[in-house]
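Enquirer: Going down the list, the protein sequences come from chains A and B.
Per the UniProt record's numbering, the first sequence starts with residue 1, numbered consecutively.
Per the UniProt record's numbering, the second sequence starts with residue 1, numbered consecutively.
Think of the hints as simulated: they come from the structure by calculation, not from any bench.
Since the structure is predicted, the reported quantities are computational estimates derived from the model, not experimental observations.
There are no misleading hints in this set.
Once the Cα atoms are required to be at most 25 Å apart in a straight line, the calculated DSS-like pairs of lysine-lysine come out as:
#1 K184(B) with K147(A)
#2 K85(A) with K128(A)
#3 K77(A) with K184(B)
#4 K128(A) with K147(A)
#5 K128(A) with K184(B)
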Amino acid sequence: MSPTPLMEIEDLRVEFTGSAGRRVRAVRDVDLTIYEGETLGLVGESGCGKSTLGRAMVRVTEPTGGAIRYLGADITKLRGTVFRKTRADLQMVFQDPFGSLNPRRSIADIVAEPLLRARGTGRDEARKIVDDLLDQVGLGREAGTRKPHEFSGGQRQRIGIARALAPSPRFVVADEPVSALDVSIQAQVINLLSDLIRERGLTMLFISHDLGVVRHIADRIAVMYLGQIIEIASRDDFFAGPAHPYGEALLSSVPALSKEPRRERIELTGELPDPADPPAGCTFHTRCRYATDMCRTEAPVLREVQPGREVRCHLPLIPVKGTS
Amino acid sequence: MSDQTTTAGFRTAFAARRLGRGPLAAGSWIVVALFVLAAILGPIFVSADPARGTNDTLLPLGAAGHLLGTDDLGRDELARMVHGARPLLMVAFLSTALAAVLGIGFGLMAGYLGGKVEWLIMRLMDLALAFPSMLLIILIVSAWKPGVGSLVTGIGVALAPGLARLARALAAREAGRDYVLAAKLGGTRGPRILVQEMLPNLAGPMLAQVVMTLSVAAGFAAGLSYLGLGIQPPTPDWGYMVQAGQEFLYTAPRLVVMPAAATLLFVVACNFVGDDLRDALDPRATR
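Please work from the sequences and hints to get the whole structure.
Expert: Here it is in C-alpha cells:
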C-alpha cells in the first residue's frame, strides 16, 4: 500500500491582529501531509492553534501565508465559483452542537443545503439523499421536518455529521466533535463518525484535546504546541513512547490501562506562554524538564528521526535512526 | 452564548405570550391598533366630506351634526381628523419600510463582509447621521416636489443609518457563528447566506427597532406637514391642521389640540409598542 497524499500543507501561517495591534501567530510554519483514507488525530492543549489550523485547512479562516494542496492543487489560490464547488469536497463537523445549526431552519433544509448549493442536486433527489443520511446517522428521516432546538446535543452532532457528509466530501475536519457532549454520549457519536468515515473511505482530521478519544479513532497523531506541529507519529508508536518531551507529558496525564507498564506522571509547570510573544529558541523550553542552553537559544526544526516519525526537538526521547 | 441559541426556538414560540403585559404596553398596542383601524376604515363610517366647506364656521364641540365642531372654513372636524390619520400613517409606514430595507440591507452587508466594504458603508451612514435628520429630509423634499413620494424618500433615507448600525452589529456577531461557516462550506453564496441564514436570526431584535423607528417617522411626517412640506392641502393632514389652526389658538384651541394630541399619542404609543416587542423578544435585556 503506497499512501497517496490528499491534503498537503506547506509552511502554513495564520495570524490575527489582536488588541493594540499585536500580531498573534496562531499557526506557524506548519508542514503536514494527510494521506487518502487515513484519520489524523491533532492534539494539543487549549489555545495551541489546533482549531485554527483545522479551520484554515478548509479556508473557513483565511491563512496568512503558505499553501494548502488538495489533490495537488493549491486551494488558497482559488476564487469564486470554482472555489465554492471545490471546497465542498472539504467539510467540517463543528464543536458546538448549538451554534452550528441554524435555529430557524428545519433539519432537512440544513442537511440539503450543501447538495443544493455546491452540487446542483435537484430538490427531489436531495430529499432522498437527506432521508438516507438521517437514517444512517440514527435519527430517522422523520427528524427532517423538525427544528434544531427539538434535539439534544448528541443528536445535533449527528445532524452536523449528516450535513458534513451530504455533499460527498473527500476530507472532513472534525473539530472536537464530542467535547461538548456528556461522556455517556461521546462514545456513540465517535463510533458513528468513525464508522461512516471508514465505510466511505474518507480522510479525516480529528481535532481533540482528549488523547483517549484520539487513540480510539486516529491512525496517526500530530501534536501541536504554540501554533507549531512538534511531533508526528503513527498512533501505536506515539502511545508506545512519544519522541517529544511535551508528548511525553501529555501522555503521562492519561490514566494507564492495567496491562500497560505504569508511566511516570509528569506535571507541566508554568503557564502556556503568550502566543503573541513566544519564547526564543525551542518554544517549549520554559516548561521542559530536559531543556539545555541550546534549547533556550536555538529553535529546533521538525525533522524525521525514524521512518514516519517527525519531531521538533534537539533531544528527542527516541533514538535517531534509519532516515535519509 | 450557546444557551442563547438553544432557546431561540422557544423564544419565538413564547414571545407572543409575553406581549402587552402591563397597562402601559397593552394600552399602547390598543392605541396603535385603533389608529391603524381608524385610518383604514374610518372614512367608511364618517360620511361628512372633509374638504367641503359650509357657512357653519368654527362650530364648537358637540354641535349638531358636527361632533367635533367645524373649522374656520366650516369643514367637519371629525371627518378631517379621521381622514387626516391616513397620510400620516401612510407616510410613517412607507418611510419606515424604506428605512428598514435600506438600513438592514446595508447593515447586513457591512457586518457580513467586513473589511473595506464595511468601512465604506458605515462611514456613509455616519455621514448621513452627522446631518441633523430634519435638515436632511427638508433637503431631499425640497430638491424634489413636496408630496408623499419625496416625504417617504426623505424620511426613509434619514432613518436608515440608525437601523444600519444595529443591523451591522447584529450581523457581525452572527457572521462568526458556526452555522454561517457551515453554510459557506456547503457552497452557499453570500447573498443567500445573508437572506436565508442570517436575516431570520436578526429579525427579532430588528423588529423592535423598526417599530421604534416608526414612531420617529410619524413625528417627522407630522413635523414636515406642519412646515408645509408634506401632504398638500386640501387633503386633510394632522400636521397641516395644527399649522392652519394656530390662528385660532385662543378662540378654538381644539383645532390645534386635537390633531397635535393625536399625533403625540400615536408617536408615544409606537414607542411603547417597540419597547414591549423588545422586552418580549429578549426578556433578559432589560430589568
